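Trainee: Next come the chains, spelled out residue by residue.
2 protein chains.
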Amino acid sequence: MIRVVLVEPEGEYNVGFIARLCKNFLVDELYIVNPKVNISEAIKFSAGGKEFLENAKIVNNFNDAIADVDIKIATSSIADNKGDILRKSIKPWELFPLIQGKRVALIFGRESVGLTREEIFKSDFLLHIPANPSYPVLNLSHAVGIILYEIWKNRGILNNPQTSTISE
Amino acid sequence: MIRVVLVEPEGEYNVGFIARLCKNFLVDELYIVNPKVNISEAIKFSAGGKEFLENAKIVNNFNDAIADVDIKIATSSIADNKGDILRKSIKPWELFPLIQGKRVALIFGRESVGLTREEIFKSDFLLHIPANPSYPVLNLSHAVGIILYEIWKNRGILNNPQTSTISE
Ligand SMILES: Nc1ncnc2c1ncn2[C@@H]1O[C@H](CSCC[C@H](N)C(=O)O)[C@@H](O)[C@H]1O
Ligand SMILES: Nc1ncnc2c1ncn2[C@@H]1O[C@H](CSCC[C@H](N)C(=O)O)[C@@H](O)[C@H]1O
Ligand SMILES: Nc1ncnc2c1ncn2[C@@H]1O[C@H](CSCC[C@H](N)C(=O)O)[C@@H](O)[C@H]1O
Chain A
4 MIRVVLVEPE
14 GEYNVGFIAR
24 LCKNFLVDEL
34 YIVNPKVNIS
44 EAIKFSAGGK
54 EFLENAKIVN
64 NFNDAIADVD
74 IKIATSSIAD
84 NKGDILRKSI
94 KPWELFPLIQ
104 GKRVALIFGR
114 ESVGLTREEI
124 FKSDFLLHIP
134 ANPSYPVLNL
144 SHAVGIILYE
154 IWKNRGILNN
164 PQTSTISE
Chain B
4 MIRVVLVEPE
14 GEYNVGFIAR
24 LCKNFLVDEL
34 YIVNPKVNIS
44 EAIKFSAGGK
54 EFLENAKIVN
64 NFNDAIADVD
74 IKIATSSIAD
84 NKGDILRKSI
94 KPWELFPLIQ
104 GKRVALIFGR
114 ESVGLTREEI
124 FKSDFLLHIP
134 ANPSYPVLNL
144 SHAVGIILYE
154 IWKNRGILNN
164 PQTSTISE
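Residue numbers (the numbering used here), protein chains in the order written: chain A, 4 to 171; chain B, 4 to 171.
There may be inaccurate statements among the hints.
Since the list gives no way to pick out one identical chain from another, each pair is judged satisfied if it fits inside one copy or across any two copies.
Claimed, not checked - Capping the alpha-carbon separation at 20 Å, the derived lysine to aspartate or glutamate pairs in EDC-like fashion look like this:
#, residue 1, residue 2
1, Lys105, Glu57
2, Lys94, Asp71
3, Lys60, Asp73
4, Lys60, Glu11
5, Lys105, Glu32
6, Lys125, Asp71
7, Lys47, Glu13
These aren't lab readings, by the way, just hints derived from the structure by calculation. For clarity, every value in this text was computed on a predicted model and none was experimentally measured.
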């Protein structure tokens, strides 16, 4: 079970695009913590993923969004700062073996300031998408897309190692 | 050398986000064929990738955008239709060995109708990102992000198989 959790997202287009990505990569649940956007505006960007916004679970605080999962994956553009244990990170392609068969929450931060240290501390792993060291900060919905793609790919290869097609 | 080619893009946010992705994943060149958007509007969405829009090469036709590369990769949400040879596709993770050390154009279609069959015919390969068979159509800039990420990842693993960090 894959749940995408957006913490206080600020951009309508991002929230809409993420709903579309949830449909593209067959996510199970979309949770939004205290959205800073108008959901009906966001729907304009959701295309075939509209249903994910209509059914999104809106909660008031972070804990409610992660209460009932087995494993919590925080994400950040900042990773592996020297001496900062909290920031020791995993890569997208290392994620699948950790989450297979589990109820997982993939947690994404605010466009402006990301996730708080407290939110990261409540998670089990910190996932970082490697990118240009001088500019590794992806736009929120593009970070979501890359991680969902990587999980989808690994599910497909698992189910059908020869052709790498999803068969579920 | 990696060139991203956008063919008649229609959404300001997509063009802006793609410029940002070009910076995140260190693309060499951005070409735009006959843009249907206002570039100064698009810049609002480009964040740290603004320079890619300021330096984007705007051309009037498809041929000018692909004239001087070694290998042309068209992309499509539709792939492997039975009996349609034009549509035999490769997957993102099969791309790297084909393009390594070459001048490559990654070609992306219009939000509304994708690439024409003629444009695909002029390319060497058709690349398809596998996704939900009942809704495989990604938003344009999210398709760009996933492909650039996959190339970046493979460059990193090549340069440093142990840690998977980019070292160029
Ligand atoms: N390279 C990367 N790896 C993993 N997640 C990333 C990422 N780039 C952006 N994100 C995701 O996108 C969200 C918004 S980007 C947040 C940027 C903010 N200036 C900061 O200091 O954190 C992040 O919270 C994270 O969820
Ligand atoms: N699953 C996928 N694989 C590869 N490229 C994709 C993709 N989904 C979208 N794209 C890219 O995003 C562009 C816009 S999507 C085009 C959708 C259009 N309705 C159509 O029928 O084609 C495509 O031309 C392609 O470049
Ligand atoms: N399922 C399909 N298989 C093969 N060709 C298709 C097709 N659907 C549309 N076409 C052809 O594609 C041409 C332009 S449609 C746009 C191309 C496609 N949507 C893409 O993403 O690249 C039309 O001439 C039509 O004949």
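Trainee: Confirm or reject each hint.
Mentor: The hints, checked one at a time:
For the identical chains of this complex, Lys105 and Glu57 are neighbours neither inside a copy (25 Å) nor across copies (45 Å), given an alpha-carbon limit of 20 Å. In this assembly of identical chains, the alpha carbons of Lys94 and Asp71 never lie at most 20 Å apart, being 24 Å within a copy and 35 Å across copies at closest. Taking the shortest alpha-carbon separations for Lys60 and Asp73, only the intra-copy value of 18 Å comes in at or below 20 Å, while the best inter-copy value is 48 Å. Within a single copy, Lys60 and Glu11 get their C-alpha atoms as close as 13 Å, which meets the 20 Å cut-off; across copies the closest is 37 Å, which misses it.
In the homo-oligomer, the alpha carbons of Lys105 and Glu32 lie at most 20 Å apart inside one protomer (14 Å), although the nearest pairing across protomers, at 41 Å, exceeds that limit. Within a single copy, Lys125 and Asp71 get their C-alpha atoms as close as 13 Å, which meets the 20 Å cut-off; across copies the closest is 51 Å, which misses it. Taking the shortest alpha-carbon separations for Lys47 and Glu13, both the intra-copy value of 15 Å and the inter-copy value of 15 Å come in at or below 20 Å.
Checked against the numbered hints listed earlier, the structure breaks hints 1, 2; every other hint is satisfied.
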